[in-house]
Amino acid sequence: NEENPGYQQIIADITAMGEADKLRRSVVFPAGRANRKARYFRYQTAPEPTVSACSMASSPVIFPDGKVMACIGPLLTLAVDHPLVLGNLQHESLATVLDRAEVNPILHMIRVWGPYKLVSLLQQRGFGALLPEEYICNSICDVCYQLMTNEQLVRALHQLADDEEIQKLVAYARLYYLHEPTMVEFCTANHVMPQQL
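Going left to right, the sequence shown walks through residues 26 to 222 as this note's numbering numbers them.
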């Protein structure tokens, strides 16, 4: 909570050291078993998700069991399959996993616009009743966590990923915002995006 005196003191101490311009703040929230203690936290919430891209989704994590994920946050704790589970090296090569990740529209929407774009598209496509009623302010991780822990929303995300218009939108957004032509080149070469999720 940004109103917490302890938090404010930490920020003041870092600012006094002259490092405030290098400070990147992130809201930490309970996930997994820690959810049982969630009532003890006093988060500011809002009915709309935080608008921010996720740079952490650009760095895949490889687990000792071979699982490859496009998240370094609380989604790592989930046992369920969701669009940020990129594959498993016990079943396929790293090259195959990363090639598929290159054309994963859900992953790249999160990288370009953040998970709020997923919420917006889910609302537009008639899945609004499934969405959370509130989100922790300034926490994109909370948005992803709430989306990826709901099996119905995960199925809806798979539907979004299979939509050719969304695939093209994401491909051109990657080219424009991130200067990454891979997805557009794939679209152009194949005249269609693969069904990968």
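Hints are supplied without guarantee of correctness; some may be wrong.
Ranges between beta-carbon positions, derived for each pair [what the hints assert, rightly or not]: (1) 184 / 57: 21 to 31 Å; (2) 149 / 47: 32 to 42 Å; (3) 124 / 73: 50 to 60 Å; (4) 73 / 41: 28 to 38 Å.
In the EDC-like style, the derived pairs of lysine to aspartate or glutamate whose C-alpha atoms are separated by at most 16 Å in a straight line are [unchecked claim]: (5) 92 / 106; (6) 193 / 205; (7) 193 / 117; (8) 193 / 210; (9) 92 / 73.
Hints were generated in silico from the structure; no laboratory data involved. Being a predicted model, the structure only gives us computed values, none of them experimental. For each residue, glycine too, the CB sits at the ideal point set by N, CA and C.
Going through the hints against the structure:
no., hint, result
1, 184 / 57: 21 to 31 Å, "holds (27 Å)"
2, 149 / 47: 32 to 42 Å, "holds (38 Å)"
3, 124 / 73: 50 to 60 Å, "violated (35 Å)"
4, 73 / 41: 28 to 38 Å, "holds (34 Å)"
5, 92 / 106, "holds (11 Å)"
6, 193 / 205, "holds (13 Å)"
7, 193 / 117, "violated (27 Å)"
8, 193 / 210, "holds (11 Å)"
9, 92 / 73, "violated (32 Å)"
Of the numbered hints stated above, those contradicted by the structure are hints 3, 7, 9, listed in ascending order.
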